[in-house]
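Generate the whole structure from the sequences, applying the supplied hints.
So the protein sequences, as listed, match chains A and B.
Using this note's numbering, you'd call the opening residue of the first sequence number -1 and step up by one each time.
Using this note's numbering, you'd call the opening residue of the second sequence number 194 and step up by one each time.
Calculated from the structure, these hints are not laboratory results.
Cβ atoms here follow ideal geometry from the backbone N, Cα and C, with glycine treated the same way.
Incorrect hints may appear among the rest.
Just some of the chain B residues that point at chain A, by a computed CB distance under 10 Å [as the list claims (entries may be wrong)]:
#: 1; residue: R244
#: 2; residue: F246
#: 3; residue: Y249
#: 4; residue: L266
#: 5; residue: R270
#: 6; residue: L300
#: 7; residue: R301
Some residues of chain A that are not near chain B, with every Cβ distance over 10 Å (derived) [unchecked claim]:
#: 8; residue: S73
#: 9; residue: S92
#: 10; residue: K123
#: 11; residue: S151
#: 12; residue: Y211
#: 13; residue: L222
#: 14; residue: E302
#: 15; residue: E328
#: 16; residue: Q405
#: 17; residue: P435
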Amino acid sequence: MLTIIKKKMFTLSCLICLFYGTTVTASESNAALTIKLAKPTFVLPMFTGPYSEREASIAPEEYETAERLRSMLDSDEKEAVLKELESFFDIELSPAMLTLKAQIYFSLKDYKKAEETFLNVLSRKPQLVRVHRDLGQLYLLQDKPKLARHHFSEAVSFGSNEAIVHGQLAYLNLTLHGAFSAITSYQQAMAMQPEEVQWQQGLLAALSQAKMYESAQALLTELLAKNPADKELWLNQAILALNTNDTRQALVSLEMAIMLGESDDDNIKIATQLHLQQHSYDRAVVLINRHLDKPVLDMVLLNEYLTWLNQVDMWQQAGKLLDGLASKVETMKPAKQSVFYTHKAKVAIKKNQNKQAGRYYTLALEKDPTNGDALIDYALYATADKDYVKAELLYTRAAVLPTKMKQALLGKAQLYLNMREHKSALQELQKVYSRFPELHYLAEQIEIIKNIIRTEVKVNS
Amino acid sequence: MKNLIAIFLVAALLTACQSTSDNATDITTLCNNDSWTEFGHKTALAGKSVRTFNTYKDKCADKLPQTAKETYLTGFRAGLKEFCTYDSGYKTAEAGKENTKLCPLELRAEFELGYTKGYKDLKDKKNEAKRLADQAEQRKMAERPNPQKG
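This is the structure:
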C-alpha cells in the first residue's frame, strides 16, 4: 500500500536546485554574461500510504490491527489511525507500525513528531531503507540538507534502489560537495528513470559544473533531439557554448530559447549584448524594444541598453529608443525621469544639439539633484564647452555623493589643470590621494605638479 | 488443628498488610524522586508490560515528574535489551511462565528460541517425571501382594 507514492507527491518549491539556480560564468571575453535558468521543482512523496509488509515485518499479533488500519487509511481516516497508534507505547509497536505512525505525522505536517518517530524507528532498526528515505525527504523539506544527505546516503548504503533516492542524493551532493560527487548518483537515477526530466537536468548540471563539457554536450544533444521545443535545454546549450567560448552557438541557442518563450530579463540582456558584440545591431535593437515594451519601464534596464548603444556609437538608435518612451516619462518617478533626460542629453550632444543637451541636463538635475551620472556627464560636457565655472560647480556637487566622489575630485583636478590653475589642481589631487590611497599613480602626478609650481614660482620671481 | 489454622491466617494477613504498606512507600518514593529510569529497567527485566507505567502515573497524578515517562522508557528499553535474550526466554519457559510477547519484534527472535527450547525441556522434564512416577506406581502395583493368590 505504501507504494502509491507518486499519487501523493507534492511539489517542494522551496528547494533550490543548483542546476537551474546556477549562473554559469562565461569565458573571459564574456565575463559579464551569465545566463539564468528557472528554478527546478523537486518532488517529494508527502504520504506514502499504508504499510507494506515488503519493507519491514509487522508482528504477528499486529496483523489484525494492521488490516483494520489499512482499510481506515484507504478511507483517508488518518487522524483516526493516528489516534489508535498513539494509544500504544512506541515500544509496543513493531518498527513497521511505528514507521506508519511517523508517515502519518509527516502527512499531517507534524514534522517534529514525524522526525522523532522516524529516529525512534531507526534506533531500533537502522537498516530500514524506507525510513532513511522518508527521513531524508523530511529533512529536505525542512531545509536541512546535511541531515537529508546523510539519510539518503544511508538508504543507498543499505541497498535502496529507488531512483528518487539516488537522484536526491545526487542533488544534495551537487549542492554540498560539488559536481563530481553527484555524477554517478544522477546516472543511477537516470538508469532507473531515463525519462525523468529532473535527473537529466541534474546530470547535465553536474557534468557542466565538473567542466566535462563534451559529455554534457553529448547528453544535451540527445535531450534536444527528443525535446527540441524545450527552451530550458536551449538555455543549457547556451551556457555550455559560453563555457567553451562559442559565442555564436550561445547566441543561436539563446535565440532558440527566446523563440520558445524565454523572457527572463537577464537572458534577454545577454542575447542583446551578444548581438551587439557580433555586430548584429538590428536584432539587438529589436530585442531592446521588445524587452522595454512593458507597462512599467525598467529604468535600470533602459540605462544599461542606452549605455551599450552609446558605447557602440549607435546614438541614433538610442535616440529612437528614447523617443519611443517619451509618452511614459510623465508617469515615471522624478529619479527615473532624471535618468531619461540624462540619456536625452547624451544623444543631443551626439547630434551636436548643444543647447538642447544643456537643457536636458538641467532638466535631469531638476528632477533629481543627486543624479551622480548626470552631474559628472554635465560637468564633462561643460568642460568641453569651456564653461569651467559651471563644470567646477557640478564637480563640487558630485563630490558630495559617496559613489561619485573619486570621479568628481579627479575631474575637478583635471579641470584645474586645463585651466592651468596648478595649485588648485594640486590641492584636489592631494585630497583624492588622501581619501583613496589605492590610487598609487597619483603620487607621481602630484610630484610633477609640484615641480611645475616650483618652476612657475622661479620664473615669476 | 484449629489453632494452627488461625496462626497461618494471621500470618498471611500480616504479610499482606506489610506488602501493601511497602507498595505504598514505593509509589510515594517513586513519585517524588527521579528513579524512573531504574524503575523502567527493573520493570522490563521482570518481564512486565511497559504499561506498568500507567498504574504509577495514575497514582502519582500531579506529583508525576514531567520527565518520568521519558526516563522510564529509556530504562525500559535498556531493560528489554537485557531481557530479550535466549537465556531469559529459556528461563521464562522453564519457570512455566507464559510468553507475554513483551519483546519487540526486532529483539524477539533470540528470546523466542530460548523460550521454545525452555518450553520443550520443561515438557520433557514433566514427561520424564510423569514416566518415572508411572513406573514407580507400576512397581508399587507389582510389589503389592495379590490377595487372590494369598
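We went through each hint and held it up to the structure:
1. R244: Because about 7 Å separates B/R244 from the closest Cβ in chain A, which is inside the 10 Å limit, the hint holds.
2. F246: It holds, given that the least Cβ distance between B/F246 and chain A is near 8 Å, below 10 Å.
3. Y249: B/Y249 check fails; min Cβ-Cβ to chain A is 14 Å, beyond 10 Å.
4. L266: 7 Å, holds
5. R270: This hint holds: B/R270 lies near chain A, its Cβ roughly 6 Å from the closest one there, short of 10 Å.
6. L300: Since chain A brings a Cβ to about 8 Å from B/L300, closer than 10 Å, the hint holds.
7. R301: 8 Å, holds
8. S73: 27 Å, holds
9. S92: Answer for A/S92: violated, closest chain B Cβ roughly 4 Å.
10. K123: 5 Å, violated
11. S151: Non-interface label stands for A/S151: nearest chain B Cβ at 23 Å, farther than 10 Å.
12. Y211: 50 Å, holds
13. L222: 51 Å, holds
14. E302: 61 Å, holds
15. E328: Given a closest Cβ separation of 68 Å, the condition holds.
16. Q405: The claim holds: A/Q405 sits with its nearest Cβ about 67 Å from chain B, beyond 10 Å.
17. P435: Non-interface label stands for A/P435: nearest chain B Cβ at 63 Å, farther than 10 Å.
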